[in-house]
Amino acid sequence: MAASAYLVLVLPAPAQLDQPFVRSQDYFRDVISLSETLGKAHSIRVLCNGRNDQYWRSYMLRLLELEAPYGGGLRSSMVNGFNAGFSSGQSEHRACSNEAVAAEKTYAETGQALANQLAAANIPVDR
1 MAASAYLVLV
11 LPAPAQLDQP
21 FVRSQDYFRD
31 VISLSETLGK
41 AHSIRVLCNG
51 RNDQYWRSYM
61 LRLLELEAPY
71 GGGLRSSMVN
81 GFNAGFSSGQ
91 SEHRACSNEA
101 VAAEKTYAET
111 GQALANQLAA
121 ANIPVDR
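Each residue of the sequence shown is one higher than the one before, starting from 1 at the first, in this note's numbering.
In case anyone wonders, no lab produced these hints; they're calculated from the structure. Each hint should be verified, as a subset may be incorrect.
What the hints assert, rightly or not - Between beta-carbon pairs, the in silico distance windows are:
(1) 52 with 123: 14 to 24 Å
(2) 22 with 99: 38 to 48 Å
(3) 51 with 121: 33 to 43 Å
(4) 55 with 116: 16 to 26 Å
(5) 50 with 25: 16 to 26 Å
(6) 92 with 54: 31 to 41 Å
(7) 61 with 25: 18 to 28 Å
(8) 22 with 51: 34 to 44 Å
Quick reminder that beta carbons are idealized off the backbone N, C-alpha and C, glycines included.
Please build the complete structure, drawing on both the sequences and the hints.
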């Protein structure tokens, strides 16, 4: 009896297994913020290393593959966020300087924190 009671508490209800994952408003806010942050970091990388340096853009492309592989509102918002971040970064930093390099590092740290937050809130944990 005790073992069967334990199984009932641990296993999800059948209805939970059939429900699709629903993304929260926090998810949308954070993934778009991450896209903007990647755009800002990319603007500095290109400013300092030239247009061939696609380091941060490659992260953005991977993020799109994972989070919005098909066209739609989320993908458009993420692309717009990246582009807005890139434009903002270009406006803030007109020359490669120690300040710009420090800003890229800050954007990288901010992006890592956002990615960790997204993962913690949206990746199911096996129990």
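Here's how the hints hold up against the structure:
At roughly 34 Å, the beta carbons of residue 52 and residue 123 sit outside the given window of 14 to 24 Å. Between residue 22 and residue 99 the C-beta distance comes to about 42 Å, which sits within the given range of 38 to 48 Å. Against the hinted window of 33 to 43 Å, the Cβ-Cβ separation of residue 51 and residue 121 comes to about 35 Å, which satisfies the hint. Between residue 55 and residue 116 the beta carbons are some 19 Å apart, a value that agrees with the proposed interval 16 to 26 Å.
Taking the beta carbon of each, residue 50 and residue 25 are about 38 Å apart, not inside 16 to 26 Å as hinted. A beta carbon spacing of about 20 Å between residue 92 and residue 54 contradicts the range 31 to 41 Å that was offered as a hint. Separated by about 25 Å at the C-beta atoms, residue 61 and residue 25 satisfy the suggested range of 18 to 28 Å. Checked against the given bound of 34 to 44 Å, the beta carbons of residue 22 and residue 51, roughly 39 Å apart, stay inside it.
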